[in-house]
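Visitor: According to my numbering, the sequence shown is numbered sequentially starting from 1.
Mixed in with the good hints, there may be bad ones.
The list that follows gives simulated cross-link-like pairs (lysine-lysine, PhoX-like), each with its CA atoms no further than 25 Å apart [stated by the list, open to error]:
1) Lys163 with Lys174
2) Lys132 with Lys66
3) Lys174 with Lys148
4) Lys132 with Lys176
5) Lys115 with Lys162
6) Lys173 with Lys148
7) Lys23 with Lys56
8) Lys66 with Lys56
9) Lys66 with Lys51
10) Lys162 with Lys176
11) Lys18 with Lys52
12) Lys51 with Lys14
13) Lys174 with Lys162
14) Lys14 with Lys56
15) Lys51 with Lys65
16) Lys148 with Lys99
17) Lys52 with Lys23
18) Lys130 with Lys163
19) Lys14 with Lys52
20) Lys14 with Lys74
21) Lys115 with Lys51
22) Lys18 with Lys74
23) Lys130 with Lys65
24) Lys66 with Lys99
25) Lys23 with Lys51
No wet-lab data here; the hints were simulated from the structure.
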Amino acid sequence: MILYIKYMVSLRCKILVKDELIKLGLHYVIVDLGTVEILENITQQQHDELKKSLLKSGLELLDDKKSILIEKIKAVIIEMVHYAEELPVTNYSNYISDKLGYDYTYLSNTFSEVKGVNIQQFIILHKIEKVKELLLYDDLNLTEIAYKLHYSSVSHLSNQFKKITGLSPSYFKKIKMKRSGNLENT
1 MILYIKYMVS
11 LRCKILVKDE
21 LIKLGLHYVI
31 VDLGTVEILE
41 NITQQQHDEL
51 KKSLLKSGLE
61 LLDDKKSILI
71 EKIKAVIIEM
81 VHYAEELPVT
91 NYSNYISDKL
101 GYDYTYLSNT
111 FSEVKGVNIQ
121 QFIILHKIEK
131 VKELLLYDDL
141 NLTEIAYKLH
151 YSSVSHLSNQ
161 FKKITGLSPS
171 YFKKIKMKRS
181 GNLENT
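Let's have the full structure, built from the sequences with the hints guiding it.
Guide: This is the structure:
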């Protein structure tokens, strides 16, 4: 049986989920990216107890099919942008569609209807977060970051970054470095 749980992709959340499953005597096979695969079918009472205990930890057991699909889409995008060594060479729509086994138009329409932004906008927001992370914690320059994240050019990356953050990438880095320098001097 597969359960879907809304949680951030982090070791802490995975541990919380595993702990709650163990407390209820449920045997899991996989706990990954918002999906939990357990060996047995669970009773309604176990389901309700799991839902209640997860809520106490700030996690949510999803029952609604649209919510489950949205969480799957978000998980694929987050994994793709933040955790994959390389972004897919294929276009994102094909990648997401192949990964989830649904027509991209259906995924896109469902995502937009529920989230109020389209998948492409969600990807851009996460790519900009990744750019911020790379600017601050990596030794890559803007050209290398643009290449790594499959931007067509540095100017395209800079324009998107400024549109989302209101700052140029270099100004963002300068401000953050200055702030961290001030924190170290206090």
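Visitor: Taking the hints in turn, state whether each one holds.
Guide: Hints, one by one, checked against the model:
1. Lys163 with Lys174: Within the cut-off at roughly 18 Å; holds.
2. Lys132 with Lys66: violated, 31 Å
3. Lys174 with Lys148: It holds: about 21 Å lies between the C-alpha atoms, which stays within 25 Å.
4. Lys132 with Lys176: Holds, at roughly 10 Å.
5. Lys115 with Lys162: holds, 23 Å
6. Lys173 with Lys148: With Cα atoms ~18 Å apart, lysine 173 and lysine 148 stay inside 25 Å; holds.
7. Lys23 with Lys56: holds, 14 Å
8. Lys66 with Lys56: holds, 23 Å
9. Lys66 with Lys51: Holds, at about 18 Å.
10. Lys162 with Lys176: holds, 15 Å
11. Lys18 with Lys52: holds, 15 Å
12. Lys51 with Lys14: At roughly 15 Å apart (the allowed maximum being 25 Å), lysine 14 and lysine 51 satisfy the hint.
13. Lys174 with Lys162: Cα-Cα ~14 Å, so holds.
14. Lys14 with Lys56: Answer holds: lysine 14 to lysine 56 is near 15 Å, not above 25 Å.
15. Lys51 with Lys65: holds, 16 Å
16. Lys148 with Lys99: At roughly 21 Å apart (the allowed maximum being 25 Å), lysine 99 and lysine 148 satisfy the hint.
17. Lys52 with Lys23: Cα-Cα ~13 Å, so holds.
18. Lys130 with Lys163: holds, 15 Å
19. Lys14 with Lys52: holds, 17 Å
20. Lys14 with Lys74: holds, 17 Å
21. Lys115 with Lys51: holds, 23 Å
22. Lys18 with Lys74: holds, 21 Å
23. Lys130 with Lys65: violated, 29 Å
24. Lys66 with Lys99: holds, 17 Å
25. Lys23 with Lys51: holds, 13 Å
Violated hints, listed in ascending order, are 2, 23; each of the other numbered hints is respected by the structure.
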